[in-house]
Amino acid sequence: MISEKINADSKTSIIPFITCGYPNIEDFIELLIAIENSGASVIEIGMPNSDPLAEGLTIQYSSSIAIKNGINTNKCIETVRMARSKGLTIPVVLMGYYNNILAYDIKKFCRDSNEAGVNGLIIADLPIYEADPIIYETNLNNISYIPLLSVNSPQSIIEKACKIASGFIYCVSVLGVTGERKVTFDRVENLVNSVKVHTDTPVAVGFGVSNKSDVNNIGKFADAAIVGSALINQIKNNRDGNIIKITESFISSLIEQ
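Residue numbers (our numbering): 1 to 257.
Any given hint could turn out to be false.
List time: in silico BS3-like cross-link candidates among lysine-lysine, alpha-carbon distance up to 30 Å [unchecked claim]:
| # | residue 1 | residue 2 |
| --- | --- | --- |
| 1 | K220 | K160 |
| 2 | K236 | K107 |
| 3 | K163 | K236 |
| 4 | K196 | K11 |
| 5 | K86 | K220 |
| 6 | K196 | K68 |
| 7 | K11 | K68 |
| 8 | K212 | K236 |
| 9 | K75 | K107 |
| 10 | K196 | K163 |
Hints in this document: simulated from the structure, not taken from any laboratory.
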């Protein structure tokens with residue numbers, strides 16, 4: 001379902017990331033539906049963690065707010081279930097850290113996620129060669145396992161990721177944590193080209209993607225752009241309090257006309 005949605009047309013697909021329950025629980029499902037209505041192809045929902053190792057200050061901030069709002073792993077899954085009942089139709093990918101899933105129980109997590117309408121899973125801190133147990137369960141529950149690759153990933157890791165991936169492959173554009181910054185695209189383009197030698201699975205580029213110019217550059221060599229910190233900053237910094245309007249406007253501005 002995820003790869004088909006990304007490949008649905010010739011445009012660069014937009015995959016927004018938003019931390020579950022940020023900025024508040026009351027508006028979050030409406031926020032997800034606004035993201036879909038704005039033209040996003042897939043939604044990546046972050047499961048908040050008190051020690052998000054891959055995240056910069058912006059997503060750390062959103063995670064801390066979400067935890068204060070009472071969000072945990074179970075509530076992330078239930079939020080997807082509720083969003084589906086309210087009419088959300090595009091693919092949903094949960095992104096988190098392995099300890100959240102281990103604490104929940106791998107088998108139960110994958111079963112409950114599938115029943116709630118989750119389509120994909122990203123685990124930011126799980127090495128590919130240690131992922132077999134979770135990949136077994138995601139396959140069993142029709143959930144796409146989406147590996148992360150960085151610009152310094154060795155060839156052996158790239159080839160392994162291509163064998164296990166479904167949905168899409170997540171290529172990290174910069175070394176370091178998430179956050180808005182200037183991206184040098186030649187290194188991540190080389191990574192994407194290396195991936196595409198081994199698979200027809202779509203490739204998405206994330207970390208540091210901030211604006212339409214970044215999306216245009218990524219679209220020259222990849223299938224999708226993942227936008228997280230920039231969206232969260234738009235919500236955090238908006239003055240009029242209308243997070244739905246600001247989200248719709250920002251996501252729409254990234255999509256090719």
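Against the structure, the hints:
1. A threshold of 30 Å between alpha carbons decides the hint, and for K220 with K160 the separation of about 25 Å falls inside it, so the pair holds.
2. Note on K236 and K107: the hinted pairing is violated, with a Cα-Cα distance of about 36 Å set against a maximum of 30 Å.
3. For the hint pairing K163 with K236, the CA-to-CA distance comes to about 39 Å; that exceeds 30 Å, so the pair is violated.
4. Taken as a hint, the K196 and K11 pair is honoured in the structure, with Cα atoms around 18 Å apart against an allowance of 30 Å.
5. Between K86 and K220, the direct Cα distance comes to roughly 35 Å. Violation of the 30 Å bound is thereby established for this hinted pair.
6. Between K196 and K68 the alpha-carbon distance is near 41 Å, which puts this suggested pair outside the 30 Å criterion.
7. A threshold of 30 Å between alpha carbons decides the hint, and for K11 with K68 the separation of about 38 Å lies outside it, so the pair is violated.
8. Using a Cα cut-off of 30 Å, the hinted pair K212 and K236 holds, with the two alpha carbons roughly 20 Å apart.
9. With a CA separation close to 17 Å, the supplied pair K75 and K107 stays within the 30 Å bound.
10. Taken as a hint, the K196 and K163 pair is honoured in the structure, with Cα atoms around 12 Å apart against an allowance of 30 Å.
Violated hints, in rising order: 2, 3, 5, 6, 7; the structure is consistent with all others.
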